[in-house]
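*Asks:* Taken in order, these protein sequences are the chains called C and U. Residue 186 in the numbering used here sits at position 186 of the first sequence, and the numbers go up by one each step. Residue 915 in the numbering used here sits at position 469 of the second sequence, and the numbers go up by one each step.
Some hints could be false.
To be verified - 35 Å max Cα-Cα, derived DSBU-like pairs, lysine-lysine:
id, chain 1, residue 1, chain 2, residue 2
1, U, Lys595, U, Lys790
2, U, Lys554, U, Lys595
3, C, Lys84, U, Lys595
4, U, Lys836, U, Lys706
5, U, Lys706, U, Lys678
6, U, Lys706, C, Lys84
7, C, Lys84, U, Lys554
8, C, Lys323, U, Lys595
9, U, Lys706, U, Lys759
10, U, Lys655, U, Lys971
11, U, Lys759, U, Lys655
12, U, Lys655, U, Lys790
In case anyone wonders, no lab produced these hints; they're calculated from the structure.
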Amino acid sequence: MSNMNRRQFLKVGLSGLAYFTLEQTTPKWVMRAARALPLSCLTSGRILVILQQSGGNDGLNTVIPRQDDIYYDALTRPTIHIPKGMEINLDGLNGIHPSMSGIADWYQQGNAAVLHNVGYVNPDFSHFTSTDYWETGGVPGQLMPQQGWIARFYDNTCNGHGDPEALFMARTGSSELPDMMAGSQNYVPPTISSAASYSLQTGEDRAARLNAIHDMNNLPTIDSDVEFLQRSVNTVEASTADIATANAEPDLYPGGYTADSLGNGLKLASKIIRAGFDTRIFYVSQGGYDTHANQAISGNVTTQGDHQRLLGNLSLNVDTFLKEMRDTGNLDRVLILTFSEFGRRINENGSSGTDHGAANVMFAFGGGVNGGVFGGQPDLANPLRGNLRHSVDFRSVYSAVIENWFGAQAAPVFGQANYDSVIAPELARLQFVKTNANVKDWANYG
Amino acid sequence: MTLTLLNRFGIRSLVGKTRISRHRRYGFMAIIAMALLDPYTGPWTSDQAAHLARRTTFGATPVQLAALTAAGMSAAVDSIVDYAPVDLPLENRIVDLPSGTTEYDRIKNPVSDRDVEGWWLYRMVHSTQPFQQQFALFLHDHFVSEWDKIFSTVTPEANNGNDGSIPGQSCIRTSGSLPADPNRRGAIAVRLMRDQHNIFLTLGHGAFKSLLVAITRDPCMLIYLDNRTNFKTRPQENFAREIMELFSMGVGNYNEQDVKEIARALTGESVNTSCLLNWPYSYFYAASSHDTNPKTVFGVTFNSSVPGEDTNKVIDLILQRVSNSTVSPNHAVYPAASLYMSWKFLTWFVNQGIAISDEAVKELADFFYNNTSAGGYRYNVRETLRLLFKSSFFYESQHRFKLFKNPAEYVVTALRALELDDPSYAGNVNNWVREMGMKLFDPPTVDGWAHGHTWINASGVVARFNYANRMSTSVVLSDTAIDSLIEQHIHGYDDDAGIASFFASRLLLDSLTFEEADIFMQLFKDIKGSATTTTQSIYRKKVRAALHLTMTMPRYQLK
């Protein structure tokens, strides 16, 4: 383990010129360079950005079924519905929240897909349990997996293919490692809450102190917690210089990102991509979607209340990110996939809000997306205890990404039996991602 | 007594998993079914006392550790858990802080999130009964309220002084009779958080039922979980769900209909936000909002016209609820709340890998619920924790250094152990603690922080190590402090082993391995470089680097 860590570190240390230029004294472990075997999986250059909408996004007010009379019925959402005509029309049947004009533009250009009715059997209404399902790729009735689905995907696809760069994946905009990325056999992705403060400080005797910290965190151990700590420290050592390099990239659209977890996360992801690092999977998140109260202010639902603010920020940040990707020739190799732990109740509650629901809408953005609406329309006439029923299993959406975007195998990630019975039958109608065949291999660009 | 603990999934199963499978963590499986919570009867040396201190009191100074050791196990535990409701020496210390300095004014009179974070950190560092602070942290993590929601709920009009006192004018207008105060809104939000915190300090150790009763009338909580807008016309379920899922019983012990019925029962528990009364944000029972139709929870139908009686009935039903659920076999025998809370105590104080089906959970729940001896009562928190800290299970060697320090503990333990003070809690320390992943009074979700391995991530490691660096500079560790703290414990400037072991004994309450000591020796050698003699300046550099390095050791991240 420590061998891999050291190689991992040293490899990135060599590429991280900032170490040599910023420091007067080079720590001696940088000099102990040994070429590591580069990772030989997921080599197409395609990038996935997972975007979590935490708290349970109200899908019905995000993508409005503008031809559905039940949505506009006075008993359904008397105060918080988007008034007819205020939504931005997408395809005739669906309109998007008026605060999401940026995303609407990308939809019109064919770079956004709407995935309706995504969920799972026996929906759970607990934020935490339901988030666990979405993060691990488990469903009720089965033992909750002990790894996130991304970690399983990585292990299944990349084990035996060499050592990953420390920045092979990254959680940006927050210090918390998402469960989706946790539990891999031999790789812990770094979390970077703030690029500017992501460096190890030393008052004096910098090289001596950094050497000692490194050695202290590479002693042989049989304690799994100590090993985990050591690995985390090594990941830090291996990625700080690269993050400093990435952070020097300019903002192409000043003011285009909000100063919060989502804005900071997408901004840094953009910089890492533009700086040329081989990060394949990012995870960013936006909180605050648990809109039990003050979701929208009656009479001003499109301009006041929490939901319009959240969706406006979502649209702004995604729009800026996609524009930066487009301007730098990266648009065709990025795919943003949104998810939230559940949708919300069809009918509003008494607090100008909505309670926890079930099936929900997801988005996919980027040049690798087949634009359009997938998964059929939400069926408000046939609710399950007041909530939308799902018709698409979320694991099928993940599988479409794994297979069509990354050209890898989804069955081992979710289990062959699940794949055969649930996922495979749904994949045919989930062609929202362009396949390997019809997206240029980024490695051959230019 | 022999106990074998097996981990069914191997060590990997615990890595990075905290929220996942809340009730499916078969982390440990008791093989020998003897009473785990029998009193500990093994040797009582500084080794066991140190374990107790690391888990309950943010570590210890040598004097404190010696006192715990000399007292013997039982008296040592008593001295920790029998704290007074008010920490008088601490409060007096704060009163005596000089006025007129920005830093201390913020601690004395906090009016923002940063202020109140510093306010609490200062208290953790200087408390004379640190277990009270540690347990308040547990309760804050359990009964979550988030600053962001509280502050955003308090009206910005408060700053303008628009109190609606001028007849015919509303509260929202351009001027009021109160002077404008840019800090009034923040001060109201701080007061809400502090009042909730005070519930934890004063009621936390007593009857769990009293705590639940107080929390269901706490304005901060009623705002946070939206119960102030839970009306009979359209009840909403936020508080009803979390009071069961997170505050008492855990998932799997109720159904969705119970959530709806409890939501109806809780209608009317509200908050008075009237501008005419200068925004009291105080508890208010809104009788007109209360649903007066019968409610049926767990098959029991009730309905009272007495204000708040339906809420109290809900709490009684929750605490008595034996669910027969599949969460664990013990749920057919013990109330779900006794098991869930015992599991939370055990995972916070003993080992995060303990599953709710564990034998220790069952034993602790049995005591928590059934021990009513000597005038006691059901759900007596203090007596339950006393039992736990005196149990053989608590001192099992496999639990040593098996919990991850949270960010507050990372900072507070070091400052307390070295009897050092940071000059800026509200302006600086709180920032580091935030960057480590913990914004006090603002947990990330209603489930609190995820704890365990999730505290350790790249950004968090950077912040931890950088705070260690700050402590090693003269900002915190002055030359004078080096002289007075350390010089008496070493034999001259070349006593490298003395310097290294000094910090291990203070911060880890443990000794260094040979391999660890070698790394310190190499560090000191590198610092001395080609110098022929160790000057005082070199010696101080060694001391500072040693403090920095100790706080980056894997073992210092653990407790």
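*Asks:* None of the hints should be skipped; say for each whether it holds.
*Replies:* Do the hints match the structure? See the list:
{"no.": "1", "hint": "Lys595/U to Lys790/U", "verdict": "holds, 25 Å"}
{"no.": "2", "hint": "Lys554/U to Lys595/U", "verdict": "holds, 24 Å"}
{"no.": "3", "hint": "Lys84/C to Lys595/U", "verdict": "holds, 31 Å"}
{"no.": "4", "hint": "Lys836/U to Lys706/U", "verdict": "violated, 41 Å"}
{"no.": "5", "hint": "Lys706/U to Lys678/U", "verdict": "holds, 11 Å"}
{"no.": "6", "hint": "Lys706/U to Lys84/C", "verdict": "holds, 31 Å"}
{"no.": "7", "hint": "Lys84/C to Lys554/U", "verdict": "violated, 53 Å"}
{"no.": "8", "hint": "Lys323/C to Lys595/U", "verdict": "holds, 32 Å"}
{"no.": "9", "hint": "Lys706/U to Lys759/U", "verdict": "holds, 15 Å"}
{"no.": "10", "hint": "Lys655/U to Lys971/U", "verdict": "violated, 59 Å"}
{"no.": "11", "hint": "Lys759/U to Lys655/U", "verdict": "holds, 11 Å"}
{"no.": "12", "hint": "Lys655/U to Lys790/U", "verdict": "holds, 16 Å"}
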